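Take the sequences, apply the hints, and build the full model.
This is what each chain is made of:
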Amino acid sequence: MRVPGVTVLLSGLLLGCGTFDDPSTVKDLRILAVGAEPSEVILNVATDADLTRAAIPPLFLSPLIANPIGLPVTVTISVCANDPAAASPPNNGTDPTGYPAGGARATVGSALCDGDPTQVLLVDGAEVSMDPVTPLPVTLTPAWLLGAYQRDVFIGPDGKLHGGFDLGMPVVFQITAQAGNEKVIAVKRVLFWLSPLRGDQTPNRTPQIPGLRAYDRRDEATAEPLPDAIQSLDSGTTLEVGPGGLWIEPVAAAAPTLTAEAETYVTATLDRLTGQVTPIDVEESLTYTFYASAGTFAPQQTSSHPPPGITPQGRLHIESKYKPPAGGGAAEITLWIVVRDERGGASWQTRSLRMAAP
Amino acid sequence: MPPGPLQRTAPAWLVFGALILLAPIARAQDWTQAQTPAGRAEGPAKAPVLTKPPMLKKDARPVYPADALTAGRSADVTLTIDLDAEGKVSAAMVAQSTDATFDAAAVAAARAMEFSPAEIDGRPAPIRIEYVLHFRPPVVVVPTPEADGAPAAEDAEVAPPAAPPPRLILRGRVREKGTREPIAGASVQMLRTAADVGSGDELASIVAISDEHGTFEVRADAPHGARIIVTEAGHTGCVRDLSAQETQAPDPATWECFAAPTHNDFETRVKAPRPTTGTARYTLSKTELTAVPGTYGDPLRVIQNLPGVARSPYGLGLLIVRGAPPTDSGTFVSGQAIPHPYHFLVGPSVLAPHLIERIDFYPGGFGVRYGRASGGVIDVILKEAPTPTLHGGADVSVMDVSAYAEGSVRDGTSATIAIRRSTIDAVLPFVLPKRDGSTFRTVVPVYWDYQARVVQELAGGARVGLMAFGSDDSLKVVTQDPMAGDLSLNSHTGFHRVVAFWTRRLGDWTSRFSPAYGNGDESFTLGPGSAYIRYQRLFLREDLSRPLGSRVELRLGFDGLLSYDTAYFNSWYPREGRNFGTGALQQVEARRGLADWAPAAFVEAEWRPTARLRITPGLRFDLYHVLHTDKISWDPRLNLRWEVTDRWTLKAGGGLYHQLPVGQFLDSEFGNPKLALIASDQVSAGVERQVTPALRVDAVAYYARRYNLPVPSAERFSSSGKGRSYGLELLLKHDITEHFFGWVAYTLAWAEETAATAEEMVSGASGADPARADGRGYRPTAFDQRHNLTAVASYRHHTWQFGARYRLVSGRPTSTITGSFYDADFGGYTPISTPASGRLPTFSQLDLRVERSFIFNLWTFSAYLDVQNVFNAQNPESYAYDYRYRDSAPVRGLPILPVIGLKGRF
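Protein chains in written order, with this note's numbering: chain A, 1 to 358; chain B, 1 to 906.
Warning: the hint list may mix true and false statements.
Stated by the list, open to error - Derived coverage of chain B by chain A (criterion: at least 3 residues anywhere in the stretch with Cβ under 8 angstroms from a Cβ of chain A; other residues may be distant): (1) 668-674; (2) 814-823; (3) 875-889.
By construction, these hints were calculated from the structure, which means they are not laboratory data.
Source: prediction; values computed, not measured.
Backbone N, C-alpha and C fix where the C-beta goes; we use that ideal spot for every residue, glycine too.
Put into structure tokens, the structure is as follows:
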């Protein structure tokens with residue numbers, strides 16, 4: 001009976017909620033993204049014995065940390081195995097699309113490593129630089145990976161065991177950033193495959209944002225920027241922004257949109273009817289998230305694919321409107337635009353804006 | 001010496017008693033139920049009928065108190081008189097008195113009265129009646145000239161032979177003012193002038209009793225005029241003075257008398273004695289069902305104020321019984337299950353009040369005639385008795401408009417029709433907040449429902465009928481994404497039922513055969529995605545009962561269900577694989593066409609080893625053939641009821657209960673067909689105490705173990721969920737009297753489970769609680785409300801009725817969020833919390849209702865104001881959090897909500 005859900009939704013509409021800080025505005029210490037290189041690993045091993053002898057490639061984690069206070073930032077990283085029964089479905093049950101599939105996707109845990117028996121400390125209080133972001137090397141041992149694979153199993157809808165060995169295993173990293181008394185925690189996963197699902201399966205390539213453009217006027221009917229309003233927002237340049245704000249749009253080097261950046265890749269899925277693991281080809285979805293040290297972005301997140309229920313009118317727009325703070329505020333504003341794919345790949349661009357004189 | 005023109009007649013008192021012994025005299029008292037014989041089928045199969053009212057055989061004159069006589073005071077004393085099966089007065093109590101000076105005299109007179117026995121279903125039976133004694137000072141009679149000249153006439157030398165005195169013939173009819181219902185059993189008394197009486201004074205005497213049509217005829221000798229008085233308890237009297245010309249007129253006089261009711265408009269004046277097969281069963285009369293503040297006169301919403309029922313958040317019509325999710329409780333209409341009892345949002349129930357005879361609510365421990373539910377049961381009994389008089393009415397409020405009409409089509413056949421349509425969709429756009437930057441555009445909830453029935457009386461007490469009812473709800477919400485366009489959310493649900501019934505005697509058996517057909521749909525659209533289910537249902541129900549000797553009644557029956565469902569599902573989901581982030585969603589489309597059946601059989605015996613002990617064992621068998629699998633259940637149940645004394649009753653019961661999980665959890669593609677039947681083992685025990693004829697206390701302790709609950713798992717769903725609920729329910733209830741009814745319900749309850757169940761998810765209860773998924777130990781469910789206190793009171797004074805409802809309820813469990821971390825793959829924050837570790841603040845709300853009626857001879861008009869949350873209490877229903885769960889703000893429940901309505905009845 002979904003009626004109550006609808007009514008609760010309506011009640012929320014009727015009665016409203018509180019007024020909170022906008023998530024796109026960075027006021028204090030925050031981890032905005034964590035890059036991983038590589039963001040996906042194919043080990044090419046067939047047996048447990050092969051795994052114990054495998055050469056595990058080094059990983060580099062790059063936390064994008066916004067640090068408005070400016071105090072030195074130290075980072076601690078630990079790792080733990082995926083617990084397929086922990087706090088599921090993904091994103092801790094807040095994923096509305098989890099229904100009606102129940103816990104079938106409860107195979108990617110979403111809990112912290114703290115307290116987990118497989119937790120291992122990898123980086124202990126390393127001081128990091130913000131510009132450029134410091135990549136931190138982390139090394140996993142074959143023995144630890146073997147234990148992680150043994151931990152990551154569950155009984156699927158077909159009554160058989162599934163887990164990291166046939167669906168890919170997320171290795172969970174917990175990153176803690178501390179600046180003075182402020183401490184923030186993030187979780188980052190890297191997917192490990194024992195062997196390729198098919199011969200053409202390749203590890204994920206981290207998505208990039210080749211360029212950005214900005215414009216303060218657009219055709220309201222088509223949402224396309226007016227040609228004379230477009231400005232390039234290159235790295236190292238600083239644009240002036242008026243009180244009306246700007247649209248900021250990720251662009252490819254030689255194309256108006258970035259949809260060409262999305263990869264088609266091979267991954268495994270559990271067939272809903274048979275419960276068996278089946279390789280499928282998927283076009284990945286890229287998500288762009290916008291942050292500013294002052295002012296707000298709306299929407300804060302855009303995607304290379306339309307969200308459920310939205311029928312695009314014309315091309316899909318991935319730009320976001322930046323609105324400067326009402327009172328002027330900081331003269332220099334930092335923008336962060338992060339791109340993520342759905343396989344753990346993430347990168348970003350950082351830009352600066354300057355408030356125009358009133 | 002002849003009396004002067006203003007002299008009082010002697011004796012110096014006049015009492016006229018009103019015999020008001022029609023069916024309906026007895027007030028609704030469970031006390032009377034306890035005294036009536038057993039042996040009747042439960043529920044709608046056969047309602048006991050007062051086949052012969054008691055009649056006054058021997059009147060008794062009360063002694064007019066001397067002081068009152070001297071002072072010329074009058075009084076009306078309403079007595080409650082208990083008659084045994086022989087018609088003898090076993091008890092007499094003053095129910096109401098306008099002057100206590102007269103009470104003792106009235107009681108003494110009542111104890112000296114004798115009556116003919118009342119009969120229920122053709123058998124002498126004890127009964128409680130009301131009897132009003134009207135104490136009036138002597139009537140002043142103006143002497144007629146003839147009377148003054150009487151002595152002279154004696155002196156006359158020649159007196160012609162006296163002509164036969166003219167004979168008064170008065171043909172009259174007494175009906176209730178406003179409803180035009182005939183008043184049967186009203187006493188018609190005549191007081192003649194002194195001239196006709198001769199010397200001495202006359203006590204008004206009963207000269208006629210109105211019949212079932214309210215008609216009466218008076219034939220008397222009253223050449224000098226007379227006063228005719230029509231009285232009946234529960235109504236004001238009618239008085240007509242006939243002049244000498246009228247009493248001597250050659251043609252019969254006629255009189256149409258309308259007597260205003262002194263009781264509540266919809267009061268059920270006889271409550272049929274029915275056995276209770278559950279430890280706790282709460283039955284509400286029509287007045288109680290339609291006059292509780294905050295319910296807008298909606299009978300089914302009143303259920304939410306009874307013990308065992310948790311408060312529904314946001315004022316929604318969720319039925320949460322003893323901690324079980326709404327999907328585990330069943331709503332039956334005349335024995336047939338309906339998909340949902342309420343319209344959307346704060347809408348009313350799907351049945352119009354006018355067609356409802358009564359509502360039985362079992363918070364648990366119900367008998368074997370009910371099945372496919374493991375929580376509580378509501379059984380709405382629609383009126384099946386014929387309605388010979390044409391009645392109708394219309395209601396208008398800001399919520400909806402409705403109209404109904406009922407009456408006799410021809411001899412033995414009566415019909416009813418009722419319709420309702422929402423008006424809130426026209427009102428809502430004017431009251432919704434409009435905020436800058438809001439993407440919310442419109443919400444359009446529309447509901448309507450209808451009911452119709454035709455009943456035919458047959459020979460031998462048999463009855464056939466056909467009822468049709470249905471409901472339709474649609475809802476549209478439109479928001480706008482400034483970059484991508486409109487996002488619309490449409491929802492529709494509706495159902496229709498056609499129910500036939502045939503009640504008759506088959507030798508010693510009483511049979512009620514009831515086939516029914518129903519269909520319905522539920523659909524949901526979110527942008528281009530949609531889902532719907534359309535279903536056809538065939539119900540076949542046979543209830544049989546017969547006595548086995550003098551102490552046992554056997555009941556058995558068949559409860560069959562055949563269904564065909566078509567379902568369609570089209571939406572987006574993340575792939576069943578290991579991707580991070582929201583990713584591109586996969587469109588999933590599925591169609592189903594499913595034929596299922598679920599036959600059930602039950603048998604129950606009500607055994608009365610003594611007159612005060614009733615033992616009711618029963619067994620129910622259910623087979624569910626669903627999604628190509630068979631699941632069966634055997635549910636033994638037992639109930640005991642021991643009337644220790646006239647005032648004390650002990651009761652206990654227990655049994656097994658099973659039901660199917662929600663259908664989508666059984667689907668082979670999205671659920672798990674291997675799920676077991678949801679099961680519940682229930683035990684309860686209680687005590688009832690009749691404190692006064694109108695006041696009683698009912699206390700029940702219960703424990704229910706719930707298991708096989710569907711919970712999300714890696715297999716999508718598994719039956720590994722467990723739950724338990726236990727507590728104490730108290731009800732202090734003042735039954736309807738002339739001016740007042742009310743109750744205080746208190747429930748102390750625990751509802752616990754081992755994991756967030758799928759039914760909680762689907763009911764939306766856990767949606768606002770993001771950190772509930774945990775599989776360890778028992779913890780409170782989303783429906784756990786530890787303390788629930790509800791007080792309801794309604795007072796009627798003349799044409800005004802005032803009501804109040806106050807609720808004080810523990811807040812429901814929430815997860816206390818102690819922090820959060822950033823999920824760098826999903827780009828959002830995940831709260832760190834302990835499931836069900838906190839509670840929302842205590843809910844407190846006062847609702848008031850005032851109604852004013854204007855009673856005309858042929859119709860009544862009422863206006864009411866029903867105000868929910870009078871003090872505009874800011875009750876949090878949940879919390880909203882900022883993006884990283886550092887700040888929170890309460891999401892408030894409904895603010896003050898006044899609803900104005902108008903009602904007309906004829």
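Could you work out which of the previously given hints the structure breaks and list their numbers from low to high? none
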